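> Chain by chain, the residues:
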Amino acid sequence: MNDMTPTREEREARLEGMGCKRKRVEDIRFTQGKGNYVDDVKLPGMLHGDFVRSPHAHARVKAINTEAALKVPGVLAVITAETLKTVNLAWMPTLAGDVQMVLADGKVLFQNQEVAFVVATDRYAADDGINAVEVEYEPLPPLVDPFKAMAPDAPVLREDIKDKSDGAHGPRKHYNHIFEWTVGDKDLTDVAFRKAEVTIKELISYQRVHPSPLETCQCVCSFDKIKGELTIWGTFQAPHVIRTVVALIAKLPEQKIHVISPDIGGGFGNKVGAYPGYICAAVASIVTGKPVKWVEDRMENLTTTSFARDYHMTTEIAATKEGKVTGLRVHVLADHGAFDACADPSKWPAGFFNIVTGSYDFPTAHLAVDGVYTNKAPGGVAYRCSFRVTEAAYCIERGMDILAQKLNMDPAELRLKNFVRPEQFPYHSALGWEYDSGDYHTAMTKAMETVDYAGLRREQAARREAFKRGETREIMGIGVSFFTEIVGAGPSKNCDILGIAMFDSCEIRLHPTGAGIARMGTKSQGQGHETTWAQIIATEIGIPADNIMVEEGNTDTAPYGLGTYGSRSTPVAGAAIAMAARKIKAKAQMIAAYKLEVHEDDLEWDIDGFRVKGLPEKFLGMKDICWLAYNSPPPGMEPGLEAVSYYDPPNMTYPFGAYICVMDIDVDTGVYKVRRFYALDDCGTRINPMIIEGQVHGGLTEAFAIAMGQEIHYDEAGNVLGGSFMDFFLPTAVETPHWETDFTVTPSPHHPIGAKGVGESPNVGGVPAFSNAVNDAFSFLGSVHIQMPHDFWRNWQAAKDLGLIREPAAA
Amino acid sequence: MIPGQFDYHRPASLAEAVHLMATLGEDARALAGGHSLIPMMKLRLATPAHLIDLGGIGALKGIRRDGDHIVIGATTTQHDLLASAPIAEALPVLQEASRLIADPQVRYLGTIGGNVANGDPGNDMPAVMMALGANYRLEGEGGAREVPAAEFYQGAYFTALEPGELLTAVVIPVPPAGHGFAYEKLKRKVGDYATAAAAVVLTMAGGRVATCRIGLTNLAEVPLLADAAAQAVIGTDLDDASLQRAAAAAMAIMQPAADGRGSPDYRRHVGGIMVQRALKRAAARAS
Ligand SMILES: Cc1cc2nc3c(=O)[nH]c(=O)nc-3n(C[C@H](O)[C@H](O)[C@H](O)COP(=O)(O)OP(=O)(O)OC[C@H]3O[C@@H](n4cnc5c(N)ncnc54)[C@H](O)[C@@H]3O)c2cc1C
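Sequence order for the protein chains is S and C. Position 373, counted from 1, in the first sequence is what this note's numbering calls 373; the numbers after and before it change by one each time, with no gaps. Position 44, counted from 1, in the second sequence is what this note's numbering calls 44; the numbers after and before it change by one each time, with no gaps.
What the hints contain is simulated information worked out from the structure, not anything from laboratory work. You can take every hint at face value.
Between beta-carbon pairs, the in silico distance windows are:
(1) C:Asp239 x S:Pro141: 54 to 60 angstroms
(2) C:Ala15 x S:Glu716: 49 to 55 angstroms
(3) S:Leu802 x C:Pro86: 48 to 54 angstroms
(4) C:Tyr8 x S:Ala811: 53 to 59 angstroms
(5) C:Arg208 x S:Gly782: 39 to 45 angstroms
(6) C:Gly4 x S:Ser165: 47 to 53 angstroms
Quick caveat: nothing in here was measured; it's all calculated off a predicted structure. Every residue gets a Cβ at the ideal spot worked out from N, C-alpha and C, and that includes glycine.
Chain C on its own, in the form it takes in the complex (with noise of 0.2 angstroms):
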C-alpha cells in the first residue's frame, strides 16, 4: 500500500501542463484530486513515473456561463459543484450525482475532470454527462477540440484523450427550463460505487415525454447512453407497459461484471429498475 517512485510537478499554467504532457511521453500522468489515481498508485496498478499536479493552474478551475452553455474547468471539485448557485439552477442533475459519490472528504477533493477523465465505469459523472449532451473539452500541444462525452470512451480505463493531452472543461448544454432529471443510483453503501445507476433528463409536453437522453453508470465497460431505451418512452406518458420496455431496452445494452456487488444477472436487473424509477421521478419533476 505504498507507491513507488514518482517526480513531481506542479506546474502553473495550462501551457506549461500541455508542454510537459507532451515531452513527459507516456510515462507522465495528470494529477487532480487524485481520489482514484493514488489509490491505484498505492496499490501499485498504476506506477507512473511523473505527476503533473493540475492543482496550481487558475484557468481550469471554475464554473462560468456561455451563452446556452455551462463550461465547467476540469479542476472543478464535486463540492464546489454543490455549492454552485448557477449549478442549482441550470443542472440540479448534478447535484444530485454529486451527493451521491463517496463522502464530503472525497468531494472536497474529487475533481469533476478526474471523473469524467478517469475512464472508470464505476464513476457516476460520465453517464449524467452523456444524458446532458455535453462535450468534452481536450487540449495538447497540437491545439484544443471537442469531443462530445457519448464518443468518449472506449473501453475500462480507455478514453479519446490521446497521450499528451488534457481535459480542460466540460461544456454543457442548458437544458430547458421545467426539464425533468433524476440520478438513481443503488449502491451498498455511502462511498460505494454503484451497483447499478441511471441519469435521466427529460421534457414533458403534454403530459407526454417530449425528449429524453439516459445514462446508465457500472453496468458495462463503460458508461452507456441508452438511445434505444429513451425511444421507447418518447411521445409516450411513462404508462407502465412503456416503462418496462424502456427497462428492457436499456438492459439489453447492458453488459455488467460479476463482482461484490452481486452477479450479472442481478445487477442488469436492478439497472432495469434504476431507469424505470429515474424516468418517473424525472418525469415528476417536469413541467
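Isolated chain S (complex conformation) (with noise of 0.2 angstroms):
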C-alpha cells in the first residue's frame, strides 16, 4: 500500500452512510425554486376545475341550475351528481370502510362541501362559472356539538344508513352513531377503580385541528382515449394506493392507470386519502377528453379536506396513595364529520390509541371509543402523527399530571415511579401492544439533569410565593411529557388498508461503474428521502451516498409500497432497503470469493469492500465488484447486480421521549413566553442526525401551534371559523421558540438496522409538554385541566374564572 491509499476513516467520510450529518441532496432544487410540484405541471389544451361549495352546514339541495355558469366565457362543463350517477362515482368508498358523496346527492352534511364542478379554460373562468352556478338549499337543522349526536331527537345526518344497525366495525347505537371500539378487561379495571386509593377523572378534549401543508391537495388528471389510460399527478402521500383504489372504483385495469407523485410540498397526513377533487378532475378528463388540473385553495384546504383530532377523552387514573398507577380507564367520543373518512389501517377504527398506557406499567386497562357523525368536514387524519397517537399521548400525560396534583407529587417522580422498567422489554401492555425497547428511566434522568428540574421547581416556588405577596403578576409553568410512540404500520398480521397488507418495498439496481438507482414505494413530502435512504445503501453496500439516485412516486417504476405516513419509512420501507442491500452484499460476497480466489466465509466486510481474512492486502472494493457483476460474474451466476426486497415488519417499533418546557404567563394579558424547551428522543439508531433534527424542530413548532393556538372552530349554525391563516395559527419564525435537542439510543431489536422513525415523535410528545406547561403555571391557583388551545385569550379566561382579573378602577 501507497501513501495515497486513504484511511479508513477517509473511505468512511466518503461513504456519507449512516450516522453522517450529509446535507439533504433534495434542497439544491428546493433552495433555488427548482422543485416540480404538481402545479408546474402544465399541459397542452388543459382544463381547471374548480368547486361550488355549499354555505349550510345541513341543508337539502332542491335545485341545481347550471344554465348561467355554462354561458360563462371559458366554462365547457358543469358536473353535478346527477352527472356522476352515470359513471356510478355519485359516492366514493373512504378509507375507513364508510362511503362519502363526491359531490351533494340529494342534501349536503358541512360548511364548504362539493356541490358541483365547473370546468373552464382557465382558472378565472372557472371561478366566474362557480359564481354563476345557482343551487337552492332547504336548510336543515345542523348538528354540530358530538356530546348531543346520540340524542334520541337529533337530526338525521346520513339518510343513506340511517336504517342500517351495522356498521363497518360493528353495531351502530343510534342512526349518528359509527361505531363502538372497546379494548382492555373492563372487568378488571373496574375491580382495581374500585380498590384504588386514589382516582381521578377528568374530560381532556383534543381540538380539531388541521395539517394544513404549505402546498394544498391538488392534481391533474389525463385520459389518452386512445390508449385508454388515465395518468394522474397529485399530491399523494401513498401513489400506490390511490392507483388500487382508481382501478376499483374507476374500473380500469390497474396497468392502465399511472400515478406520478412527484416534488410534494409537506403531507403531514393531508395527503393520504382520496377527496372528491380527484374523483372531479378523473370524471372531468374522461368526459371532455382534456387533461383538467385542480388546484385546492387556502379556505378549501383548511376546511375541507381532511382535518385531524377531535377526539373528546373522559380520561379516569386509579392509583395508591403512594403513586402507583393501578388501572387506567378512557371513554372516547370522536367526532368524525358527515363521513367516517379517517386514514387509518381498515381493523383500526381508532387508529393505535391504545397505546393510551403510554410509557408506564398499567396493570389494567379499559378502552371504548365512539365515533359520531356531526355536520362538519370529515376527515380524521395522523396530522403528523402514527394513527390516533398524538390524542393519545396527550391524553395519558395530561392525566397523570392531574394524578400527581391530586397525589401532591411532583409530575416527574410520578412518571419515574410508573415507567415500564428496561428488564420488562419486550413489553406487553395492558391494551394489547408489544413494546420493542426502550430505557425510559435513562432518557428522563438525562432529561432532568440537563435542564436542573430541581432547581426550576425552586424557582417556581419562589415565584409562585412572589405571585401571591402581589409582587408580580406572571406565572410560571414546568410541562413534562414522557412519551411512547407506536410506529411502522404495519405488520400484515394486524395492518392493512382496504386489504392490502401495509409492507414496503425497495429495488436497488447497481450499474457496472459502480453507481446505481433505488426506488421504494414509499414518498417524501419534505422529509428528505433521497437523502437518507441512499446513506442506508452506503453503509450497507459501501457504495457511497452520492452514487445512489433515490427515485419515489411513479407507480410505473417504483414497487408497491403503502407510502409515507405514520412515521412508517424508516420502519418499514427503511428495513426493504437494508434487506434488499443485503440481497445484493450476499451476491457481491460471491463474486469476490470467485475474483480472490477464496471461499467466501473466508471474506470479511470491511467498509467498501470484502477482504480476504487474515490477508488484509487481499482486498475488492465494492466499484470493482459492480464492473465484474456485468463483465465477468462467476461461472453459472446471472450477470447484473440488483435486488428487491417486501418488507412486513413483525412487530411496530417504539420511539420514546422526554420533553421538559418552561414557559412564563402574564396573566393579565394572558400572554405567554415560552423561555425554555429540552427534547430528548430516542428513535433507535440516528440515520442523518442533522436530517433528525431538523424533523424534530419541524414536528416541535407543529406541536407549539396546535397546543398554543391552531383550532378548526365551528359556531352553532355550523360555520366554520379559522378557516384561513389570519386566524389558523401558522406560528412564524419570530414566534416560534428556540428548540433544544438530545437524544439517547435504544435501537429496535427486530428491525435491520435498529431505527424506528422519528419524524412524529416531537409532535406527539411535544403538545402535552407545552399543555402541561400551561395547566402546572395555574394549578397552585386551584386549577385542574384548562382544555387547548392555549392561546392568550384562554390563558386569561383562565385566570379570569380563577378570579385573579380586575378592572381598573374607574374613580
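From these two lone chains plus the hints, build me the complex, please.
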C-alpha cells in the first residue's frame, strides 16, 4: 500500500453513510425554486376545475341550475352528482369502510361541501363559473356538538344509512353513531377502580385542527382515449394505494392507470386520503378528453380536506396513595364529521389509540371509543403522528399530571415511579401492544439533569410565593411529557388498508461503474428520503451515498408500497432497503470470492468491499465488484447486480422521548413566553442526525402551534371559523421558541438497522409538554385542567375564571 | 380565491385620476398598495368594475415639511416611513406603528393613504393619526378639502370620502420637541391585526402630563379618540390611580367585536392595559 491509500476514516467519510450529517440532496433544487410540484405540471390543452361549495352546514339541495354558468365564457362543463351517477361515481368508498358523497347528492352535510364541479379553460373562468351556478337549498337543523349526536331527537345526518344497524366496525347504537371500539379487560379495570386509594377523572379534549401543509391538495388527470389510459399527477403520500383505489372504483385495469407523485410540499397526513377533487378531475378528463387540473386554495384546504383530532377523552386513573398506578379507563367521543373518512389501517377505527397506557406499567386498562357523525368536514387523519397516537399521548400525559397534582407529588417523580422498567422489554401492555425496546428512566433522568429540573421547581416555588404576595403578575409553568409512540404500520397480521397488507418495498440496481438507482414504495413530502435512503445503502454495501439516486412516487417504475405517513417509512421501507442491500451484498460476496480465489466464508466485509480474513492486502472494492458483476460473473451466475425486497415488519417500533417546557404567562393579558424547550428523543439507530434534528424542530413547531393556538372551530350554526391563516395559527420564526434537542439510543431489536422512526415524535410529545406547562402554571391557584388551545385569550379566561383579573378603578 | 373581472387604469396625473374617479362613479376603486383591496377582491367581498392605480402619480408620493406640519403623500409606503430621516426625527411614533404593521413584504407595498382610507377598524395608522391630531387632504373634481382624522371614520368601511374623491395626503402637526409617544399593540402573531392597541402622544411639564391624546385601534367599528381617558391623566404624574382611571374611561367607549382574537370582554380588558402601558412608556420617553 502506498501513501495515497485512503485511511479507514477517509473511506468511511466518503460513503456518507449512516450517522453522517449529510446535507439534504433535494435542497439543491428546493432552495433554488426548481422543485417540480403538481401545479408545475402544465399540459397542452389543459382545463381547470373548481368547486361550487355549500354555504350551509346541513341543508337539502332542492335544485342546481347550471344554465348561467355554462354561458360564462370559457366554461365547458358543470358536473353535478347527477352527472356522476351516470358513471356510478356520485359516492366513493372511504378508507374507513364508509362511503362519502363526491358531489352533494340530495343534501349537504357540512359547510363548504362540494356541490358542483365547474370545468373551464382557465382558473379565472372556472371561478366566474362557480359564481354563476345557482343552488337552491332548504336549510336543515345542524348538528355541531358531538355530545348531542346520539340524543334521541338529534337530526338525522346520514339518510343513506339511517336504518343500518351495523357499520364497517360492528353494531351502531344510533343513526348518528359510526362505531364503538373497545379494548382491554373491563371487569379487571372496574375492580382496580373499586379498590383504588386515589382516582382522578377528567374530560380531556383535543380540539379539531388541520395539518395545513404549505402546498394544498391538487392533481392533474389526463385520460388518453386512444390507449384507454389514465395518468394522474397528484399530491399523494401513498401513490400506489391511490392507483389501486382508482382501479377499483373506476373499473379500469390497474396497468392502464399511471399515478405520479412529483415533489410534494408537505403532507402531514393531509395527502393520504382520496378527495372529491381527484374523482371530479378524473371524470372531467374522461368526459372532455382533455387534461384537467384541480388545485385547492387555502380556505378549501383548511375547511374540507381532512381535519385531525377532535377527540373528547374522559380519562380516569386509579392509583395507590404512594402514586403507583393501578388502572386506566378511557372513554373517547370521536367527532368524525359527516362521513367516516379516517385514514387508519382498516381494522383500527380509532387507530392505535390503545397505546394510551403510554410509558407506564398499568396492570389493567379499558378503553372504549364511540365515533359519531356531525355536520362538519370529514377526515380524522394522522397529523404528523401515527394513527391517533398524538391524541393518546396527550390523554395519558395530561392524566398523569392531573394525578400528580391530586397526590401532591412532583409530575416527573410520578412518571419515574411508574415507567415500564428496562428489564420488562419486550413489554406487553394492558391494551395489547408489545413494546420492542426502551430505557425510559435513563432518558427522563438525563432530561431532568440537563435542564436542572430541581432548580426550576425551586425557582417556581419562590415565584409562586411572590405572585401570592402581589409582587408579580407572571406565573411560571414547567411542562413535563414522556411519550411512547407506536409507529411503522405495519405487520400484515394486524395492518392493512382496504385489504392491502402494509408492507413496504425497495428495489436497488447497481450499474457497472459502481453507481446505481434505488426505488421505494414510500414517498417523501419533505422528509429527505433522497438523502437518508442513500445513506442506508451506502453503509450496507459500501457505495457512496452520492452515487445512489433515489426515486419514489411513480407507480410505473417504483415497487408497490403503502407510502409515507405514520412514521412508517424508516421502520418499514428503511428495513426493505437494508434487506435489498443485503441481497446485493450476498451476491457481491460470491463474486469477490471467485475473483479473490477463496471461499466466501473466508471473506470479511470492510467498509466498502471484501477482504480475505488474515490477508489484509487481498481486498476487492464494491466499485470493482459492480464491474465484474456485469462483465465477468462467476461461471453459472447471472450477470447484473440488483435486488428487490418487500418487507413485512414483525412488529411496530416504539420510539420515545422526554420533553420539558418552561413557560411564563402574564395573567393580565394571557401572553406567554416559552423560556426553554428541551427535547430528548430516542428513535433507535440514527441515520442522519441533521435530518433528525430538522424533523424534531419542525414537529415541535407544529406541536407549539397546536397547543398554543390552532383550532378549526365551528359556531352553533355549523359555520367553520378559522379557515384562513389569519385565524388558523401558523407560527412564524418570530413566535417559534428556540429548541434544544438531545438524544439517547435504544435500537429496535427487530429492525434490520435498529431504527425506529422520528418524524412524528415531536408532535406527539410536544403537545402535552406545552399544555402541561400552561396547566402547571395555573395549578397552584386551584386549576385542574384547562382545555387547549392555550392562546392569549384562553389563558386570560383561565385567569379570570380563577378570580385573578381585576378591572381598573374608575374613580 | 380568484377576483372577478375588472378594468385597470393607470393615470399619470392626479387630475386624470380624479377625473376617472368622477366619471366611473361607484364602480371604481382606487388601488394603492393593494394589500387590503386585493385580498377582498380575491374573496369577492369587493367586486369593483374599475381599478384606478395611483402608483403612476409621482405627486402623490413623498414626505415634506410645510412649516410646522409634515405632509405625507398618499402613496408613500410604510417602508418609506421607516426609511425616512425627517419622520424619525419629527414623528417617531409613525415608525413605531409601522414596524408593528404586517411584515416587511406588506410594508414595501402598503401605503399610508390606503391604510387610513381603507376604513377597516384593524388598520393601525388611523388611531395614530387621531393621537397626532392629523388631517386628511381629500380631492375630487369639486376641489380639495381637509378633514380631521378624528372626524373621518363613520363605520366599518364607511368614511367621509365622497364618491369620486381621493385622499391625497395626510397633514400632521409636528409635535413639540421632547414629546412622549408610544404605540402599544397586542397581536397574536407577526402579521396579525391588533387584538387591542393604543396610541399615545403627550407632553410633560414638571413631572406632570401637560397635554395628551390617545387613539385606540380595533376596539370598535371605527378607530377611537379616547378623550376622557386623556383628560383623566392631564395634570397627574401618572400615578397608579390616574392610570386606572384612564384605562376605565377608555374601556367605557370600547365596543370590540368577538372574533378569533378573543371575546369582547377580553379585548376590552387588554385594551385598558394597552392604554396604561402606552401612557407609561410615552411618559418615560418625554422630556
Ligand atoms: C398579511 C397582511 C397583514 C396586514 N397587517 C396589517 C396590520 O397589522 N395593520 C395594518 O394597519 N394593516 C395591515 N395590513 C394591511 C396593509 O397595511 C395595507 O397595505 C393597508 O391597509 C392598505 O394600504 P394599501 O396601500 O395596500 O391600499 P389598497 O389595498 O390598495 O387600498 C385599500 C382601500 O383604500 C382605498 N384607497 C387606497 N388609497 C386611496 C386613496 N389615496 N384615496 C382614496 N382611497 C384609497 C382603496 O380603494 C381600497 O378601498 C396587512 C395586510 C396584509 C396583506
